[in-house]
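Those protein sequences? They're chains A and B, same order as listed.
One point on numbering: in this note's numbering, the residue at position 91 of the first sequence is 1167, and numbering is uninterrupted.
One point on numbering: in this note's numbering, the residue at position 53 of the second sequence is 64, and numbering is uninterrupted.
To be clear, the hints were calculated from the coordinates, so they are not data collected in a lab.
Certain hints may be false.
[To be verified] The calculated label-pair distances, taken between Cβ atoms and stated as ranges, are: (1) B:V21 - A:T1178: 34 to 40 Å; (2) B:D123 - A:R1184: 26 to 32 Å; (3) B:A198 - A:L1183: 18 to 24 Å; (4) A:A1180 - B:F83: 19 to 25 Å; (5) B:V18 - A:L1160: 31 to 37 Å; (6) B:R41 - A:L1160: 23 to 29 Å; (7) A:Q1182 - B:S176: 47 to 53 Å; (8) A:S1078 - B:I194: 42 to 48 Å; (9) A:E1173 - B:F83: 16 to 22 Å.
Even for Gly, the Cβ is constructed at its ideal location relative to N, Cα and C.
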Amino acid sequence: MSLESMLIVAAILFCIGLYGALARSNVIAVLMSIELMFNGVNLTFVALSRYVVPQAIQDNIASVLTGQVFAVFIITVAAAEIALGLGIVFAMYRSTETVNLTEAAQLRY
Amino acid sequence: MLFQDVVFWVLAIVAIGAALGVVVIRDLFRSALLLALVFIAVAGFFVLMSAEFLAVVQVLIYVGAISILFIFAVMLTSDVRRGNLPNRLQIPAVVLPALLLAAMVVTAVSTDWRLIPDSQQERVGLVQTQSVNVLSDSALEQAGVSSPEEMQEIQQAGIADLLISDFVLPFEVASVLLLAALIGALALARGREGT
Chain A
1077 MSLESMLIVA AILFCIGLYG ALARSNVIAV LMSIELMFNG VNLTFVALSR
1127 YVVPQAIQDN IASVLTGQVF AVFIITVAAA EIALGLGIVF AMYRSTETVN
1177 LTEAAQLRY
Chain B
12 MLFQDVVFWV LAIVAIGAAL GVVVIRDLFR SALLLALVFI AVAGFFVLMS
62 AEFLAVVQVL IYVGAISILF IFAVMLTSDV RRGNLPNRLQ IPAVVLPALL
112 LAAMVVTAVS TDWRLIPDSQ QERVGLVQTQ SVNVLSDSAL EQAGVSSPEE
162 MQEIQQAGIA DLLISDFVLP FEVASVLLLA ALIGALALAR GREGT
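With the rest of the complex left out, here is chain A (with noise of 0.2 Å):
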């Protein structure tokens, strides 16, 4: 386990998570993709504070748990959206009956 192979798992999550975010057409299965992508941001956070530290180290132990405390503040957002997000599902489920992107073109014409 290294700083690289980490770097490389997190960046492997997120371009999954990408592809599904573009390759989908359930908008569930779209958000689903969307936590897979904060979840790889997430690890890049807290493996680079992990290995990698500025000078700051040197004045302020502390300053390593920076990207911990970056990665509670991106967990709180996705949260936060995933709730909105389902919302917002729901509400599109019941005014068109679908979750499907294709058919959601009320705003196109």
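Given chain A, put chain B in place with the hints provided.
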């Protein structure tokens, strides 16, 4: 060291395999369950990198709340039977992430990272563990920290302290965001006829 490597590779295979399953499998319910597996594997990575607090938060919020929300969403929308169809963007959707992945891998491998020196690694691990468990003086002594100033410095480091000192503004903004999301989700879920 060897044990950590084995755990790392097992977790990596589980995480990547499950993540592929999430985006490829057509049955949405199974993808939701696989997504929970990805979250658990990521929590394992956090433990490996001695970020125990984040691992706990990950299990509580992602595995406990977000996966359940997804399963609810899958079961409440009857489109499930049609499953997770691909759309017409297949080729750009493969090419773009592949290029991005190549770029990120090249960057990760070729960058000359300024790693924390091995002599400091131990202390960094201690600080990150300390953010969850308060380490006693004797535990620190066992880990090779002897000078009282150093002990105090490590014992005073913690995520909570950072959140209410250096990051107090984002912390407050996050609470406002959560409140806004709460009200927004309520308004969305209640629908129009209830007003």
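Hints, one by one, checked against the model:
1. B:V21 - A:T1178: 34 to 40 Å: The hinted range 34 to 40 Å holds for V21 (chain B) and T1178 (chain A), with Cβ atoms some 38 Å apart.
2. B:D123 - A:R1184: 26 to 32 Å: Hint violated: Cβ distance 49 Å, outside 26 to 32 Å.
3. B:A198 - A:L1183: 18 to 24 Å: Check passed, 20 Å falls within 18 to 24 Å.
4. A:A1180 - B:F83: 19 to 25 Å: holds (20 Å)
5. B:V18 - A:L1160: 31 to 37 Å: holds (36 Å)
6. B:R41 - A:L1160: 23 to 29 Å: Check passed, 25 Å falls within 23 to 29 Å.
7. A:Q1182 - B:S176: 47 to 53 Å: Distance hint for Q1182 (chain A), S176 (chain B) holds at roughly 48 Å.
8. A:S1078 - B:I194: 42 to 48 Å: The hint (42 to 48 Å, Cβ to Cβ) holds, given that S1078 (chain A) and I194 (chain B) are roughly 45 Å apart.
9. A:E1173 - B:F83: 16 to 22 Å: holds (18 Å)
The structure fails hint 2 only (numbered hints given earlier).
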